[in-house]
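What follows is each chain in one-letter form.
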Amino acid sequence: MTARDTVLIATFAALTAVLGLLPPLPVPLVPVPITAQTMGVMLAGLMIGPRRGGLAMLLLLGVVALGIPLLAGGRGGLAVFAGPSAGYLIGWPIGACVTGMLARGATSPAPLFAACLAGGIGGVYACGIPGVALISGISVPTAALASAAFLPGDLIKAGVATAVAVTLRRAYPRLTP
Amino acid sequence: MSFIVDHVTVRFQGRIALDDVSAALDERRIAVIGDNGSGKSTFARVLNGLILPDEGRVLVDGRDTLTMGDKIRAHVGFCFQNPDTQLVMPTVAEDLALGLKPLKLAPADIEQRVEDTLDRFEIAHLAQRSVHMLSGGEKQLVALAGVMITAPDTVICDEPTTLLDRRNAANVLAVLKDLACRVILVTHDLGQIADFDRAVWFHDGLIAADGSPSEVAAAYEKSLSGIRA
Amino acid sequence: MITGLYIPGDSLLHRCPAGVKLIALVLIGIGLIAIDNLFLLCALAVVVAASYSAFAGLGVAPVWQATRAVLVWLALIVLAQALLAGVEAAAETVVRLLILIWSAALVSYTSRLSDMAAVLERGLAAFKPLGVQPEKTAFMIALTLRLVPAIFAIARDVRDAQRARGVDASVVTAIVPALTRIMAHADAVSDALTARGYERWDTAP
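Residue numbers (the working numbering), protein chains in the order written: chain A, 1 to 177; chain B, 1 to 229; chain C, 1 to 205.
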């Protein structure tokens, strides 16, 4: 692994952690203020590609598992992988990877937004909803209903990530596949 | 150790950073001067293969940077302008040890070398200090120590004092001048290079003057007064 | 800036090797699936909570800290399960969750980062034939921790600069300039690492 790959992976792991450390933003229609942290999942896939983006999320989860509270709200340690949101966390590397793969070669907003939806939302929820159902013993449709609360916030994040990527992917043509 | 730059051209996003530059570097103390965007930093980076030429080649002791960059970098150290981006480990001692990883030394040897280097640069008191608690000058000294710990033949420094205050800048410069190995110093501060063996002045990707520091400084000053007039 | 979850101490659990604690955790997880007696589950929960004081010297506060993180989720789950499957099923689910979360948190509270990282490195060594590089992985963990405050500082600087110019600073307006600077920072760190021989970490000396 080259120094550049290593540093980019660690950078986007750290960036996603920082997004969770920033104060949460109030969002219309949502009862709880949302953190920008899951935007890191999409940005990782969009900016450094599927392989490095996926590894960045895996690295972040690894650091969290080792006992560093880098998840939004100062959460961390092995307990987060034992709790109801464990499925979502496992979905982060997959989501970044899917976003990165679908964003390959794209420069305009529409395909980039689609990549964010498919990876950052689709991929993550596909792991998160069954995870909630499994750990809390409720049915998958019920879990899906509960997860719907996150959707408005995640759609906004997908929009912001897309806008950022449209601007920055032009500036770093060598980086993005 | 000899550096041969052979008709090197480097382009960045359509702009020419180095324009068919050739030079042979053997002297012990070489200064590379020029304004921002003159190509001096690019020149420094082609010397150890951090940047590869788009045309031409760079030979270090006969080795081409294109194919043997990693072996070249084993003997050519590089000190950067920003102290913060060079220190990556939590404590000073750990960061110094990082430079030794390619050498695959035994842990006891690593510890000894770190201790010796800390003593040599008079920063033994910083050994267990957290890197983020150091001043800019201390960080730059630690970065330099981290480069020197592998005993390179040559150390290239790209504006190592630009971001430091005057006292720290003077301190770091004094340490650099004291090094036994060859030093290639990139700087825009002419006051730093008076006792160097040679100065190369870059302007718009070309070598505008090359000779003794006093000659080159005079030519540089003359061009500046031309601008003012 | 970032302090780990580890709470220093010298108890039985502190001195127990991290690898052993992790295996125990896995066994607890497996065991939980097998037990469906509510009374037994509650007893187990009490044992785990009491372990914080009895075997780790930590008192009650960390137990609450671990619970607080999942409180909202737990409430939602209790509600959903109680309505759909009855109170007893809801109670079983919650108690199971608490046992698992409290046990996992206890491992994190009593294990140093360096010990956990060592276990990870040993575990990754098994995957070396697949191309995994345990030493670089350990380094990437340290690098991530080093970059978090650096990136936070960049974000803060960008926000301050925007405020100074009268722009309404938020994540949305700050993110493009911040990310630009973050990428430049990554470039500089990569150059410094390459210059120090990063690519030779895996080859023979």
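These are computed hints drawn from the structure, not numbers from a lab. One or more hints might be untrue.
[Claimed, not checked] Under the rule of at most 20 angstroms between Cα atoms (straight-line distance), these lysine to aspartate or glutamate pairs were calculated in the DMTMM-like manner:
hint	chain 1	residue 1	chain 2	residue 2
1	B	K177	B	D119
2	B	K71	B	D189
3	C	K136	B	D61
4	B	K177	B	D204
5	B	K104	C	E121
6	B	K104	B	E94
7	B	K101	C	E135
8	C	K136	B	E94
9	B	K71	B	E94
10	B	K71	C	E199
11	B	K177	B	E27
12	B	K222	B	D178
13	B	K104	C	E135
14	B	K177	B	E94
15	B	K71	B	D61
16	B	K177	B	D189
17	B	K104	C	E199
18	B	K71	C	D202
19	C	K136	C	D168
20	B	K177	B	E221
21	B	K177	B	D165
22	B	K104	B	E122
23	B	K177	B	D26
24	B	K177	A	D5
25	C	K136	A	D5
26	B	K101	C	D157
27	C	K136	C	D160
28	B	K104	C	D202
29	B	K101	C	E199
30	B	K222	B	D210
31	B	K101	B	D35
32	C	K128	A	D5
33	B	K101	C	E121
[To be verified] Which stretches of chain B does chain C cover? Using the computed rule of at least three CB atoms under 8 angstroms from a CB of chain C, they are:
hint	segment
34	19-25
35	68-75
36	198-210
Cβ coordinates follow ideal geometry from the N, Cα and C atoms, glycine included.
Determine which of the earlier numbered hints do not hold for this structure and return their numbers in increasing order. 2, 3, 4, 9, 12, 14, 19, 20, 22, 24, 26, 27, 31, 34, 36
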